[in-house]
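S.K.: Each chain, written out:
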Amino acid sequence: MTLSVDIRHRLGDFAVDVTFEAPPGLTVLFGRSGSGKSTVINAVAGLLRPEAGRITVDGQTLLDGASGVELPPHKRGLGYIFQEGRLFPHLSVRQNLKYGRWFRKRSRADVAEVVEMLGLGPLLDRRPGALSGGEKQRVAIGRALLSDPRLILADEPLAALDEARKAEILPYFERLRDEVSVPILYVSHSAAEVARLATTVVALEAGRVTGQGPAADILGDPMLTPLGARAAGAVLEARVARHHDDGLTELDAGGVALFVPRLAQMPGQPLRVRIAAQEVVLSRGAPEGLSALNVLPGRVERIRPGTGPGAIVSLATPAGTVLARITQRSAKMLDLAEGVSCYAVVKSVAIAPEDVGGPDGAA
Amino acid sequence: MGWLGPQEWEAVALSLKVSLWATLAALPLGIFVAHALARWSFPGKQFLNGIVHLPLILPPVVTGYLLLLSFGPQGPLGGLLQEMGIVLAFRWTGAALAAGVMGFPLMVRAIRLSIESVDPKLEQAAATLGASRAWVFATVTLPLILPGIIAGAILGFAKAMGEFGATITFVSNIPGETRTVPSAIYAFLQVPGGEESAMRLVVVSVIFAMGALLVSEWLARRAARRVVG
Chain A
1 MTLSVDIRHR LGDFAVDVTF EAPPGLTVLF GRSGSGKSTV INAVAGLLRP EAGRITVDGQ
61 TLLDGASGVE LPPHKRGLGY IFQEGRLFPH LSVRQNLKYG RWFRKRSRAD VAEVVEMLGL
121 GPLLDRRPGA LSGGEKQRVA IGRALLSDPR LILADEPLAA LDEARKAEIL PYFERLRDEV
181 SVPILYVSHS AAEVARLATT VVALEAGRVT GQGPAADILG DPMLTPLGAR AAGAVLEARV
241 ARHHDDGLTE LDAGGVALFV PRLAQMPGQP LRVRIAAQEV VLSRGAPEGL SALNVLPGRV
301 ERIRPGTGPG AIVSLATPAG TVLARITQRS AKMLDLAEGV SCYAVVKSVA IAPEDVGGPD
361 GAA
Chain B
1 MGWLGPQEWE AVALSLKVSL WATLAALPLG IFVAHALARW SFPGKQFLNG IVHLPLILPP
61 VVTGYLLLLS FGPQGPLGGL LQEMGIVLAF RWTGAALAAG VMGFPLMVRA IRLSIESVDP
121 KLEQAAATLG ASRAWVFATV TLPLILPGII AGAILGFAKA MGEFGATITF VSNIPGETRT
181 VPSAIYAFLQ VPGGEESAMR LVVVSVIFAM GALLVSEWLA RRAARRVVG
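Protein chains in written order, with the working numbering: chain A, 1 to 363; chain B, 1 to 229.
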């Protein structure tokens with residue numbers, strides 16, 4: 001299945017002109033607030049009518065400004081997970097979950113399976129008013145899934161949750177991506193979510209697509225990353241090597257050992273690690289007497305000066321390309337240039353748990 | 001109701017019948033109008049709002065006279081209905097029409113407030129899950145505003161029970177046909193020795209009015225709790 005979007009819309013002074021194709025898997029619409037992400041996802045859902053454009057899912061036209069086709073939201077066959085849950089307060093959790101099935105009778109989704117996957121068993125007879133934020137969001141995911149959608153839409157589903165609740169919900173989206181064959185269009189402004197979840201990233205800025213590609217490409221290129229250098233970072237493929245007694249987990253990234261705070265994953269399990277560019281220190285010589293545990297040898301691929309005093313250095317290492325955000329003065333002092341060998345140094349504690357996640361099955 | 005005389009009992013029974021029919025007939029239209037005023041934008045919305053509220057502001061005698069002009073035997077609507085076999089003037093059905101019209105603004109206000117307190121985002125969510133507009137209304141909006149509908153119906157019913165000016169102007173004060181409780185109180189006060197009967201009907205009126213107010217306040221509080229979740 002593919003989703004194809006080509007829309008133009010104007011909201012006061014703000015113009016949205018967005019064209020992209022979402023392949024199977026999880027596609028993240030990535031941009032800061034006000035970049036037009038919500039306009040796009042609401043146009044796909046049919047909650048907003050763009051001034052012009054065309055939206056198709058699997059060849060079926062949901063909207064075509066030219067021929068006047070516009071399917072109402074209830075005929076689009078989508079499952080929408082909203083930021084605020086939007087559970088029906090007068091219905092129990094069970095009734096909320098089954099709501100979509102009243103209207104899509106042929107639903108193949110299995111209630112018991114979804115309840116099990118999202119751990120909703122103990123909540124079924126409760127009212128939404130008696131649920132915590134994270135529980136509400138799990139019910140909202142289940143409700144969307146059980147309406148048997150051909151495409152799941154998620155509009156910043158974690159933005160209203162605190163860090164602990166985010167960590168609780170993120171794995172469910174990973175399972176959704178890896179175990180459910182339904183494609184997902186996911187709106188986010190968080191680089192960590194992009195790194196963990198995205199099969200494909202569509203970067204949006206000021207109502208336009210500035211780049212599209214795998215998470216590693218978009219986050220690894222400060223010119224493409226909508227949040228700029230602060231959000232730039234490398235996404236490395238790694239595998240859990242072993243757990244150590246002192247609370248650290250050792251990862252194997254292309255033969256290089258990476259130490260991160262203890263993970264729940266079993267040894268042998270593949271996963272993705274995001275290393276934010278601003279957490280990386282560069283050293284020309286092999287560093288000694290340093291507290292940082294992670295040292296990756298590499299070779300400078302490229303130096304991109306920013307508009308300010310900073311620069312982003314791409315380093316080719318055995319683990320993959322690592323980005324470092326340093327000052328241009330430091331780059332000069334170290335005589336950094338393309339082809340120069342160099343070491344990237346990363347503190348273990350700089351790799352936050354939200355930066356480490358399961359592998360992307362669809363990628 | 002042993003302590004009510006036959007004439008008094010007749011007035012109470014007639015008032016209950018008139019008010020019940022007035023409320024039942026006005027309710028579907030009231031829900032529709034309240035929904036239109038709360039959720040739709042259309043040309044003439046303020047005009048419709050004004051028409052709905054007019055009976056609340058106009059002297060009831062004026063409303064009754066306008067009803068007589070339109071629904072009386074010589075009136076345009078009255079003539080039309082007469083051909084269909086429906087006579088309103090000087091009948092209990094006319095009293096029900098007058099009571100319904102007078103209670104309509106209160107009913108619409110209560111229902112409209114409850115519709116406005118329902119988050120449209122919930123209705124959007126229902127639509128994305130496959131519910132057509134009619135189903136969204138039936139499965140999300142209607143259950144959430146049910147306490148408001150009941151409160152509106154009770155207010156309309158109470159207003160209908162107390163309606164006097166428009167009723168007496170439109171359908172006069174005919175014992176057994178259009179002499180509702182307020183008309184009966186008025187009539188008893190016009191004859192010597194009628195004060196006792198009037199007093200008993202006053203007590204009945206106070207009981208109904210207080211009861212209606214208490215029940216509708218209780219429902220409004222319940223509705224607020226429920227929508228908050």
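Incorrect hints may have been included.
[As the list claims (entries may be wrong)] A few chain A residues facing chain B, derived, Cβ under 7 Å:
hint, residue
1, 80
2, 99
3, 134
No wet-lab data here; the hints were simulated from the structure. These numbers were taken from a predicted model, which means no experiment stands behind them. Using N, Cα and C, we set each Cβ at its ideal position, and we do this for glycine too.
S.K.: For each hint given before, does the structure comply? Return the numbers of the non-compliant ones in rising order.
M.R.: 3
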